[in-house]
Each structure stands twice: as structure tokens, then as C-alpha cells.
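With chain B held as given, fit chain C onto it using these hints.
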Amino acid sequence: MRNEANHESLRSLRQYATFVVHDLFLGVDVLKVQEVLRYQPMTPAPCADGVIEGLINLRGQIVTAFDVRRRLGLPDRPAESEPMNVVIRADDGAVSLLVDEIGDVIEVDSDDFEPPPETITRAAREVIEGVYKLSDRLLLVLSSEKVLRI
Amino acid sequence: MAAVPPKAVTEKASSGEHPVRLGAADSNIRVSVDLLDSLMNLVGELVLARNQILQFTQTQEDSGFVSASQRLNLITTELQADVMKTRMQPIRVVWNKYPRVVRDLGQAFGKQIELQVEGADTELDKTIIEAIKDPLTHIIRNSCDHGIETPETRVLAGKPAWGRLLLKAYHEGGQVNIEIVDDGAGIDPQKLKQKALQKGRIAPDQAERMTDREALSLIFLPGLSTAAKVTNVSGRGVGMDVVRTNIEKIGGSIDLQSTVGRGTTIKIKIPLTLAIIPALVVACGRERFAIPQVNLLELVRIEPGRDQQIERIQGAPVYRLRGKLLPLIYLDDVLRINSARAERESVNIVVLQADEQTFGLVVDDVQDTAEIVVKPLSKLLKSLAYCAGATIMGDGRVALILDVLGLAQMGGVIGETRQHGTLAFEMQGESAGEKQAVLLFRAGSQERVAVPLALVDRLEEFARERIEMSGGRPVVQYRNKILPLFSLAEFLGRGSGSKLPEKVRAIVFTEGSKRLGVIVDEIVDIVEESIQVRARSSRRGVMGSAVIDGMVTDFVDLQAIIEEVDKSWFGRRREENSGARILVAEPSSFTRGLMRNYLEMEGYRVLEAASSDEAFDRLSRDGADLVVASLDLPEPFELLRRVRTQPELARIPALGLSNMSEEPARYSEEDVQFDDYQLKFDRASMLHSIEKLAHAIELREPAVAAGERA
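Residue numbers (numbering that gives the first Met the number 0), protein chains in the order written: chain B, 0 to 149; chain C, 0 to 709.
Isolated chain B (complex conformation) (with noise of 0.2 Å):
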């Protein structure tokens, strides 16, 4: 069924904002993104889910950050590396996807389009919609919504 309702609305071109985490080349729709951030200071919220990793302050504006690694199950980020900011827009304000690195906005053609295959894992298969078959590598889609439910 949801392969489905993805077609229907994946059929024409789609323009993803990619984004490198760990070892995965990740994107999201780019209607949802609204900017991107170098490494932003960060106040931790203490005993929040291990996957808030902090608040920023997004010119005047407190935005939540969630780190991308922990939601997909992936080895923390190395101590010394500086996370970048994805700032999509949630429903109740912006939110912050805490990425390894940022990639350029891609146009896919949903004929490359595939719902995940069922190997990968539990938690990256809650929040991975589907994969495209790039010529060289593949893009993960992550949904936007399903990746701030936790």
C-alpha cells in the first residue's frame, strides 16, 4: 500500500537536499528543508531522549537538534567532528538534523525509485522511505515526519 501512495506521488522528478551520515548518502524532499547551518553551539537538554542532542538558537528562534546517527542505530559521531545543521520545518516549528556532512540538492527520476530492501536495520527501515538508484551511489530518502517520531 505505501508503495503505492509513493508511487503516485513519486512519479514525476523530485528534487532531494542530500546529506552524508556515517557511511550512508542520505536526502530529504527540499520543499521541506529551510536552510542549512554550519556547526551551531549547542545546550544539551539533560535526560531528553538520547536522540535530542541539544537546542539551538536559530536567530531567535529554539530549535530542537536530533542527532541523525542515533535515530538510524548508527556508531556515534567522533568527538572531534563538527556537526552540520539541516533545519526542516516540523509542524510545531523548525527542527534540526544533526548530519555528517552536507551534500548538493540532487533531481532523481522516480523510476530509480525502490521501497527499502528488508535487510537493513529496524530503525533505519522506520524512517528510510525508499532508496534511488544513483549511477554511482544510492540515495536514501529519509521522511522527514517519521524521522522526528519518537
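Worth flagging that the hints you see were computed from the coordinates, not collected in a lab. Please note that the accuracy of each hint is not assured.
Covered stretches of chain C (chain B as the covering partner; in silico rule of three or more C-beta atoms under 8 Å from a C-beta of chain B) [stated by the list, open to error]:
1. 36 to 46
2. 368 to 377
3. 394 to 402
By construction, the Cβ of each residue, glycine as well, lies at the ideal position given by its N, Cα and C atoms.
Chain C in isolation, oriented as in the chain B frame:
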């Protein structure tokens, strides 16, 4: 000018001295609150940027740059003030509906009430106006219902037949004051004191020392308010504790003055705006936290080497503050963060007040006071009890604002739910770990026995000669009634048959109109501790044992004793109500609080839900014996439909609460119906209906109901 609408023309003509003033239609525009909020955010940011520029200016010599930045400074300050003003609304917005409310109430109660309004133009932040609407309505209702007397009574008392209710609002010292004054019967502090004593809220010696003013503030105690029917206070103050909680939630305070026969004045002080609050900035670990100043009592710093240090009771840290024990919470422990505590020599304690409880919060460093802008947190972080929001500090970093009440609950200083003085108390499970005041006494041998103070009505001493026998039991005449006495020593099988001493000490328990005196040897002490019952006892009359003050203490099973004396003590009501779980689905937190109050008084257990979805989730997860749903919910019938289609929930009785009596008729077309409808604020009918519905389910399926409850 031909295009000017006629309305504007007439206004221009009437305004006289301002011939070129624009009409109302031209000088006002509608702006969404979201836009104003975002404007305020941006101005806040501008202020930060300005601060940074000003700092930079100090290192610059260029006079042109310096004067430009000074101009920027001035403009920014003015801009900030003006943007703040855009959120203000006159209190008239709320007050407009009161003339009608008062007139209707007057008619309903057969009273003549004149409402006077002063200072309706006083401006308040929009969010605050929203927050005080319900509490104010409640107070006005109370004044009309219980304050102002009927015309006949008034004339007899030498007062004009028309009762006067005055609403007054004015600015003072950066706060808005609202006064609700009536010239009614007033509240008798003595009666309140008596009531509080009966309920075990205060100790007898406390009552004696209490000034009238202190006694009047007893009206804000939870649990004291409702059942006041028994006295002549006649229910005055129903839900006043809920009113106070709501006012305090927005950083305000409420005060009540009353003279018997002359009237009552209620004074509410609230901040102008919620958006900016004064706060104390503290540091713990590498982070800073803001504590709202309303919760702050004082700061204590313990230097190394001073005699007075932190002591521990069973591992729980306490500090002697002017001779009183102050429970301490370490912020780093509660939040599980790393701090520099070990390296610090001095200890910083921030003394805070949450509800009625004072406690000390140990932090690494106390930094500064600041006016902070409160920013809401995303839904994802709403579950953090210790956090009331966030703010942006001068350097642009985010700091969390601590919720003192939540912090106290996390630290175990106060319990999750407030104690209510009912006889059927649970010693394990929900109340474990809560602080509880217990009365320690000796009965029979040297063993220490305890009973929760909330259950105790009075401590009395009777001369031996006054004790008479009736039906083989000792009784004594007490307050014009016969008080059955009961020797605990005999019941516990310790030292039976011993002669009564010269002075007989007894603990008096009250439930409704019934009283029982339990004879004891000696009252030892009253302690307040979080009590863990270690061993449940199989001994008759003993509920279990706990360690209090380092000594093993038996807890009396009051229920067993009462049953021994009077099998009919609890009557029908208790048995039916005890433990029945009621889910209250109601969007207004104020009304929910009131309902909880009413229902818990009657011995029900209450689950709350703010929305249909939440109600359904709780029902599916926890179940309930009865659902009370407000028709104010966005989709009350949708909820009912969902409940009815679930096999395991379908038979739960449901009561619909509406604001207007004609409302249920409006919904008669719906395919599902509530089992009964009641008016929202009609307490007696609502409770009656709930009792009926709860009773019906027991008759229908006794086995299932009993099973669910076990």
C-alpha cells in the same frame, strides 16, 4: 474624500477636537498573533545584535561609528517597547461578559446584585488575559453565590437590599492588580480554622497561634474547600485552591481579606506579561539554567570550614536553615549531568518554594539575575518535567528555564499527587515515597504506633470520671454528642485489662458526621517523612511496619478498628465509590482541576485527558470505570463513537457535560448518545449522576467490575 465610509464621518464629527483623526476602520488593522510573536522574536534578536555592536564600539575610536551605534541603541530600545505594546489588550475583553453573568446568577439565586467596574482599560498581555479568564469567572460566581446575601437578609443586617460587587483593575509597581470586592456576608476565619482542624490540615496548637489573616488564607488549601457544607461557611471557596494554582502558574499571587458581615476583598496581582520574566541564572556543570524569581526565596552559601554543613538522613541530604531542616536536591544528580561539584569547596544553595514545600537546590554557581524572554519548547521536549521552557542568553546561547515544581517532584521533595485526607488510604504503590505527616504514639507496651496525620481530627484529653459505659463499650460526651471510645492496647492484645489512667488521651477520627476516639497511652511526636512500609503485617489491627526516625513503627489499620466498632461506619457511599476510576476528558485545565477536586473528595480515582485523542489513548491503555466527557471537546461524539466500537470499552458508562442545558438536545441527532448529560458546574447533580452510572455498571456485571478493580 467621497470614499470615506459614512461611519468614519460621524466619528470625525463627534470627536470634535481632532478634526483630522481617522475613523476606527482606518486606524486599526487586524494582525495575527503569530506575526506579532515572530516580530517580537526578531526584536529580541535585534537587541542581542545591538548589545554585541555596543561591546565592539568600546574598542573603536571613530566618532561617527560611535554616534551611529548610539542611535541604533536608542531606536532598538524604543522599538522593543513598542512591539511589546502590540500584544497588550484591555482587561475589558474579559470583563465585558460579567454584567450578564452577574445578572443571571442574581436571578438564579434570587439576589439583587449591582456590578461596578473600574479600570476596564487596564492593559494586559494577551496570553495572561486568556489565563485569568476562568479563575476570575469562578471568583465572581463564588461571590454571587456565597458572598452576597439575599435582599431580606441584607435588609435585616441593616445593609441596602442591592448587593454591590466591584471589579477593579490598575497598574502598580510593574504589575497589574485586580480586585474583586463584595459587600456580602464575609468569611469567618474561626470557622475556616475549625474546618482545617477537622480535616487534619493544621494542628490544634497551630490553630491557636494563627492570626485571622493566616486563617483566611486556609481557604486556598486543597481539600478544605468543598465539603464545607457542614459549617456555615456554606461551600464558600469551592475550588479556591484551583484558582490559586492557576494564578500562580502565570507568576501571579492571590490574597483574600474578609470581615464578617462587611464583605470580602480578593486581590490578584499578576505580571504585565508572561513573555519576559525576572529570573536567577545559575550554573551547573557546563550549562546555565534560569530559575523564575517567583519561586525564589533566598540564596545560601556554605563556606568550607563552617560548623554547619550538609547532613544526611538515610542518605537524603538536608541543611539546617535557621533551625529548620531544609531538604536538598542536587541539580546535577536530578538532571544526571556532570558537574564540578567535587572540586568546589563552598556549596551554593538556592532556596525555592514549590507548592507549600520549601527546598534547597544545590548548584555549582549562582551567576546573576536577568530579565529573560520565555520561549516555548518543541512538543518533543514537553515531557521534561524539570523544564518550563527555554530562553536565549546575552551571548546567544540557549539556556533552559527550570520548572521548580517539576524539579521538586523529580527530586522526591514533593509527591506527584497531593494528599487528601480520606480514611481509605493506600500505603503502598502510588503513595510510596511521598512525604506524609504521621502522628506517633504509644499504646499498650513500649511499641511505637503511627497513623497518618491527615486522618486525625483532634487530639483530646478526658478525665477518667467522664468516661461512661454504653452497650459494653466506653463512651464519652464530646461536643454534645456521644463519642465511642476504643482502647487500642486491648485491640492489639497488649496490656489488656489495665486500668485507665487519670487523664485519658484519645485520638479523635472523623468521617462525615461520625466520630471515634481511640485511647492511647502517650502522643510521641508528629513527623513528616517519606514512608516506605517495609513489612505488611498479618497481625490484627496492624497494617504494616515502617522505619520512622530510625525506629520500627507499626501502622494502625484504622479501617479494621472502625469496622470492629461500627460496621455501618462507611455506609453505602464509600463502598461503591472506593477505587472507581473516572476518566475526565475536558480541554480546560482549570475545569479539569476542579473536577478532580470534586471527584477525589467523593473517593473516586481520577484520570485526566485534555483532548479526545488523549482520552481514547488513556482508555485503551489504562481503562476506566466511567468516562466524563466535556461537550467542549472539539469532537465529543467522535470520542464516544470510538469508545463504543471497541469491544472492551463499549460498556463503559459515559456522562456528557455541557455548558448549557439546551446543548444535549442539539446533539440528539447523533448516532451515539451519552448515558446521561449534566451541566458542567452543577456539582451535586453531576456527582449524583456519576454515582448512579457507577452503580449501574456494578449491577449489570458484578463479576467483571470486581475483576477490573482487583
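Outcome of the hint check:
{"no.": "1", "hint": "36 to 46", "result": "holds (count 4)"}
{"no.": "2", "hint": "368 to 377", "result": "holds (count 4)"}
{"no.": "3", "hint": "394 to 402", "result": "holds (count 5)"}
Checked against the numbered hints above, the structure breaks none of them.
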